[in-house]
Amino acid sequence: MRAVRGVGDFGIRKAFPASTQKSIAIKNGWVTRDALGEWHVNCLAIGDGWTMGVMTRYPVSLGYEYGAKICRDVASQLKS
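In my numbering, the protein residues as written are 1 to 80.
These aren't lab readings, by the way, just hints derived from the structure by calculation. Any given hint could turn out to be false.
Taking lysine-lysine and the DSBU-like style, the derived pairs with C-alpha atoms no more than 35 Å apart in a straight line are [as the list claims (entries may be wrong)]:
#, residue 1, residue 2
1, Lys-69, Lys-79
2, Lys-27, Lys-69
3, Lys-79, Lys-14
4, Lys-14, Lys-27
5, Lys-22, Lys-79
6, Lys-27, Lys-79
Let's have the full structure, built from the sequences with the hints guiding it.
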């Protein structure tokens, strides 16, 4: 999943420099749960010798980008 591009390319990988991003495999998922009024956004990344996953749920009014930012921010904090 190192070749993911476009709308699915967000989250954990974006917390790393562009030169490192190419070697990180990702699998992201996002869906609205209308009955709950929530977004469910999940991010998985696999690097050389490590894996990281972030799962989040939040109000649908905050939009998809909010979840992508949570994944990126968690990765930024953990990698430092």
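Now for the hints, and whether the structure bears them out:
1. Proximity of Lys-69 to Lys-79 is assessed by CA-CA distance (about 15 Å); at most 35 Å being required, the pair is judged to hold.
2. Of the pairs offered as hints, the one joining Lys-27 and Lys-69 holds, with about 15 Å between alpha carbons and a cut-off of 35 Å not exceeded.
3. With a C-alpha separation of about 12 Å, the suggested pairing of Lys-79 with Lys-14 holds against the 35 Å cut-off.
4. Pair hint Lys-14 plus Lys-27 holds up; C-alpha atoms about 13 Å apart against a cutoff of 35 Å.
5. As the CA atoms of Lys-22 and Lys-79 are separated by approximately 17 Å, the hinted pair is consistent with the 35 Å bound.
6. With a C-alpha separation of about 18 Å, the suggested pair Lys-27 and Lys-79 falls inside the 35 Å cut-off, and the hint holds.
Going down the numbered hints, you'll see the structure goes against none, and every one checks out.
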